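Undergrad: Each chain, letter by letter, is given below.
Number of protein chains: 2
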Amino acid sequence: MRKIEVDTRNFMYPTLTTLVGANVSGKPNYITIAHVGILKYATVSVSLNKIHYTNAGIKENGTFSVNIPSVPMIQVTDYCGLVSGQEVDKSALLKNFYGQLKTAPMIEECPANMECKVIQILDLGTHEVFIGEIAATYCNEDCLTGGKGEDLLKVNPILFSMSGARYFAVGQEIGRAWNIGKVLKSKEVTFHTPPPLAQE
Amino acid sequence: MRKIEVDTRNFMYPTLTTLVGANVSGKPNYITIAHVGILKYATVSVSLNKIHYTNAGIKENGTFSVNIPSVPMIQVTDYCGLVSGQEVDKSALLKNFYGQLKTAPMIEECPANMECKVIQILDLGTHEVFIGEIAATYCNEDCLTGGKGEDLLKVNPILFSMSGARYFAVGQEIGRAWNIGKVLKSKEVTFHTPPPLAQE
Chain W
0 MRKIEVDTRN FMYPTLTTLV GANVSGKPNY ITIAHVGILK YATVSVSLNK
50 IHYTNAGIKE NGTFSVNIPS VPMIQVTDYC GLVSGQEVDK SALLKNFYGQ
100 LKTAPMIEEC PANMECKVIQ ILDLGTHEVF IGEIAATYCN EDCLTGGKGE
150 DLLKVNPILF SMSGARYFAV GQEIGRAWNI GKVLKSKEVT FHTPPPLAQE
Chain E
0 MRKIEVDTRN FMYPTLTTLV GANVSGKPNY ITIAHVGILK YATVSVSLNK
50 IHYTNAGIKE NGTFSVNIPS VPMIQVTDYC GLVSGQEVDK SALLKNFYGQ
100 LKTAPMIEEC PANMECKVIQ ILDLGTHEVF IGEIAATYCN EDCLTGGKGE
150 DLLKVNPILF SMSGARYFAV GQEIGRAWNI GKVLKSKEVT FHTPPPLAQE
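Protein chains in written order, with numbering that gives the first Met the number 0: chain W, 0 to 199; chain E, 0 to 199.
In isolation and in its complexed conformation, chain W is listed as follows:
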């Protein structure tokens, strides 16, 4: 297959579609954000263009929430990315609750909710990246499956791809991590500079 150079196009998709919550001027507001990331086990990043209404609320309180909408919530999830909290009270479409931090509104309809403390803000010119430490996590009872992986399918999150601006569901399970690659360990001896085998 021929490789083509395509400027600086970002292929790091899909990303997870989230509803980021913040109190803005004392009232709950949510914005749809898919430019998110995991920085460490309980440390996450959420990137917001500075034009958004939400940024001031996050900075005012030093807190935000990350709510994971599920596929059946696709309409309201997309809607929260279509209109600004400056003009529309989006929280009225959803059931709101607060947790330990008191100032990070969360969405009851979302199967999983994390309230975060801001530990750092990166200024990237047009965007601000809010780095948050998860203070507490809430989830629907049926999403607790003993960490056997079914919880992801229970959450049934919405994936986002910038190309074509499409949402996708999670597909089938294809293997176990730190496991399915073990079969290649036997091939290590075929390396051009035979190395000692890795100790596990």
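Just so you know, these hints were derived from the structure itself, not from any lab.
Since the model is a prediction, treat every value here as computed from it, not as a measurement.
Just so you know, even glycine gets a beta-carbon here, dropped at the ideal spot from N, CA and C.
Don't take each hint at face value.
If the Cβ cut is set under 7 angstroms, some of the chain E residues that face chain W in the computed set are [unchecked claim]:
1) 60
2) 61
3) 81
4) 173
Taking lysine to any residue pairs in the SDA-like style, the calculated list, with each CA pair at most 25 angstroms apart, reads [unchecked claim]:
5) 39(E) to 83(W)
6) 39(W) to 47(E)
7) 49(W) to 91(E)
8) 184(E) to 39(W)
9) 94(W) to 39(W)
Chain E: place on chain W using the hints.
TA: Same frame as chain W, but now just chain E:
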């Protein structure tokens, strides 16, 4: 559905499984990383535990690559997360190429490759977060579909969930972003404080 508080568990999954490339002591090396994120259109984050062999190479050159493996590459992708470049020459299992930056090795078998310049490194104690600006992107010819969204399915990336340590494929398309939520605009009038309609 009852909400349960579950400590600080991170539900921000799935994330995208990538192979991060760097020259370490002048030789190409790859590590499987799924704790990645998008910070801006062409700005990405890649988080590596400080114990890894790759970190020194990224810092030495100020460059790294992000390669997107596809589902059929699941074994070699997982393998690159099982063994350290200190002991095994993982690049020997793959065809390597270099681009504009000269020091960020990329994987020909991966349908999409981005070479990045490090613009910032965040120290998060146990982890270093490398923030990279995409300098150039390369992709397989068949992944160019005029941005109609099929390219994600052509890339056929591998998703990762920490819970149960599982890999998943991307599932079916469920809607168009900035579009499927428009149907709720008609409901704005039912808000408790009727706001003016958002101008698009």
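Undergrad: For every hint, state whether the structure bears it out.
TA: Do the hints match the structure? See the list:
| no. | hint | result |
| --- | --- | --- |
| 1 | 60 | violated (19 angstroms) |
| 2 | 61 | violated (17 angstroms) |
| 3 | 81 | holds (5 angstroms) |
| 4 | 173 | holds (5 angstroms) |
| 5 | 39(E) to 83(W) | holds (20 angstroms) |
| 6 | 39(W) to 47(E) | holds (9 angstroms) |
| 7 | 49(W) to 91(E) | violated (44 angstroms) |
| 8 | 184(E) to 39(W) | violated (37 angstroms) |
| 9 | 94(W) to 39(W) | violated (30 angstroms) |
The structure fails to meet hints 1, 2, 7, 8 and 9 from the earlier list, while all remaining hints are met.
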